[in-house]
Structures are given as structure tokens and as C-alpha cells.
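Be aware that the sequence shown starts at 1, since it is given in UniProt numbering, and climbs by one per residue.
If you're looking for bench data, these hints aren't it; they were derived computationally from the structure. Not one of these hints is a red herring.
Distance condition first, Cα-Cα at most 25 Å in a straight line; then the derived BS3-like pairs of lysine-lysine:
#, residue 1, residue 2
1, 89, 63
2, 29, 65
3, 113, 83
4, 48, 113
5, 83, 63
6, 63, 48
7, 65, 45
8, 48, 29
9, 83, 65
10, 48, 65
11, 113, 89
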Amino acid sequence: MDAATPLSCAGITVFTPLRDHDLIGSPRKKVGVVGLGGLGHATIKFGKVFGHHVTVISTSPSKEKEARDRLCADDFIVRSNLKQMEVRKLSLDFILDTVSDDHSLGPILELLKVNGTMVIVRASSKSKSLAVRDFPGRTGKRLRLPSPQTQLS
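Using the sequences and the hints given, assemble the complete structure.
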């Protein structure tokens with residue numbers, strides 16, 4: 001039973017935003033997953049089961065094989081690869097950011113289509129600050145913050 005606890009915790013953590021943003025009953029959306037830890041793994045699995053095109057966004061090129069071959073991700077973007085990021089601008093309907101470390105959201109938000117939504121779930125109890133400079137000038141994108149402890153500065 002102890003082995004199932006992390007899976008159920010990760011599962012409900014990522015399932016809830018997918019449910020809340022109508023990604024369960026409406027397949028064929030383009031879903032981005034930032035990070036390939038436990039939450040990222042669960043998000044990819046749910047995304048594929050619900051019939052979505054899943055793109056993994058990672059800092060580690062070495063994780064591409066795992067994402068594509070083991071988890072069946074449809075696409076893989078290395079965040080530091082400016083060409084990959086540029087080519088995929090405005091391509092995703094929904095992004096779930098699962099990375100607990102501080103990182104710039106601006107380039108990731110650029111991947112969202114107009115009226116796209118990004119939800120941040122972080123496996124960290126530390127209070128986080130999101131800098132206003134991280135938000136691109138485009139309108140029509142929604143950002144859902146993970147908790148009351150997250151602050152805009």
C-alpha cells in the first residue's frame with residue numbers, strides 16, 4: 001500500500017486540473033507538460049489516455065527517449081533550445097507545469113495558443129514568487145496559480 005501512495009497523490013494532483021479545464025471529455029487537445037518527474041509522468045499518462053497530443057517541455061535532452069518511447073509523448077521540446085521553442089509558439093491549448101524549481105514562465109507561456117491555459121502544480125511547500133516580467137505582453141492566456149502561498153512580485 002505504501003508504494004501506491006505516491007502514485008495516488010501524483011495522480012490526483014494532476015488529474016484535478018485536467019478535469020477542471022475540461023480535458024477529460026474533450027479529446028484531441030494539444031497538452032504541454034513541463035517537467036518529467038513523478039507529476040510529469042502522471043500527466044503524460046492521463047493526457048494520452050484522454051486522447052490528447054502530449055508535448056513534454058524539459059531542460060534535459062537526455063529525457064527525450066524516455067518521454068517518447070516509454071511514456072508515448074507525441075513531442076518533446078528542450079526549453080533552452082530557442083529554435084524548438086520558436087517553432088512551437090502558440091501551439092498548445094493547455095500546459096501543466098510540474099517543476100518545483102524556480103524557472104521563467106515567459107518562454108513557456110509563449111507556447112500557449114490565444115485563450116490557452118497554463119496551470120502550475122508544484123510539489124514544494126516553499127512559498128514561490130512569480131515575477132511580472134515572466135508574463136508576455138499577449139492577452140488571452142490564462143494562468144492558474146497553485147496555492148495562496150504563490151505571490152506575484
